[in-house]
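So the chains spell out like this:
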Amino acid sequence: TQLLEQSPQFLSIQEGENLTVYCNSSSVFSSLQWYRQEPGEGPVLLVTVVTGGEVKKLKRLTFQFGDARKDSSLHITAAQPGDTGLYLCAGGRMDSNYQLIWGAGTKLIIKP
Amino acid sequence: DVKVTQSSRYLVKRTGEKVFLECVQDMDHENMFWYRQDPGLGLRLIYFSYDVKMKEKGDIPEGYSVSREKKERFSLILESASTNQTSMYLCASSLWGGPYEQYFGPGTRLTVT
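Residue numbers (the numbering used here), protein chains in the order written: chain L, 14 to 125; chain A, 9 to 121.
No wet-lab data here; the hints were simulated from the structure.
One or more hints might be untrue.
With a straight-line cut-off of 27 Å between C-alpha atoms, the simulated DSS-like cross-links for lysine-lysine are [unchecked claim]:
#1 L:K70 with A:K11
#2 L:K69 with A:K65
#3 L:K72 with A:K11
#4 L:K83 with A:K26
#5 A:K11 with L:K120
#6 A:K61 with A:K79
#7 A:K79 with A:K11
Predicted model only: the values in this text are computed from it and were never measured.
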């Protein structure tokens with residue numbers, strides 16, 4: 014069974030601080046996605062990384078896919094209250110054309 | 009703009025009732041999914057469909073069934089609702105083949121009393 018472990022589960026920091034969220038597995042994924050979910054809403058796709066070692070930037074967010082395509086990280090620089098939300102990682106299964114393996118999520122609170 | 013809509017944002021049903029949750033997508037996606045989301049458990053796949061009238065069980069199909077009569081529409085049915093089915097239900101869609109990007113509806117918060 015493929016698992017995707019996300020850490021930390023919960024993070025509360027002050028505005029302006031930096032943070033990193035991790036997504037780890039012993040399995041190889043065909044791609045890795047990060048989503049952000051606000052309370053009472055569905056997850057919204059932030060980024061997809063496909064190539065081992067790939068780094069993508071989205072304003073103050075930096076996403077990295079591990080060289081072996083087993084892990085990923087999300088780094089936020091100078092966090093803002095608007096970054097508050099639940100961050101979910103999801104890996105594409107190698108044996109499926111459509112199924113994702115989901116992490117349990119990191120609940121992030123940025124205090125003004 | 010891609011769009012996935014769900015028939016209700018909030019729903020309150022009684023134990024034993026039959027419950028229908030409907031999802032519609034306007035992106036011509038082949039794949040559609042139903043998940044439930046509970047605190048600390050993440051997203052758990054109930055059923056998915058990769059084509060009209062085609063369906064496959066996910067990780068937690070017990071107590072649920074689905075219907076996909078048209079490409080854009082995917083329904084989740086709770087045959088006899090129970091209190092342990094109180095949850096947030098999320099519908100998603102994606103294109104066939106990689107890279108698996110899923111687009112979600114706003115969710116239905118179902119409470120079974």
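Here is how each hint holds up against the structure:
1. Taking the CA atoms of L:K70 and A:K11, the gap is about 25 Å. The hint holds against a cut of 27 Å.
2. Only pairs whose Cα atoms come within 27 Å are accepted, and L:K69 paired with A:K65 is rejected, the gap being roughly 34 Å.
3. About 24 Å separates the Cα atoms of L:K72 and A:K11, which keeps this hinted pair within 27 Å; it holds.
4. For the suggested pair L:K83 and A:K26, the alpha carbons sit about 41 Å apart, so the restraint of at most 27 Å is broken.
5. Between the alpha carbons of A:K11 and L:K120 the distance comes to roughly 25 Å, so the proposed pair stays at or under 27 Å and holds.
6. Among the hinted pairs, A:K61 with A:K79 is consistent with the structure: their alpha-carbon atoms are about 9 Å apart, no more than 27 Å.
7. Taking the CA atoms of A:K79 and A:K11, the gap is about 14 Å. The hint holds against a cut of 27 Å.
In summary, the structure is inconsistent with hints 2 and 4 from the numbered list given earlier, while agreeing with the others.
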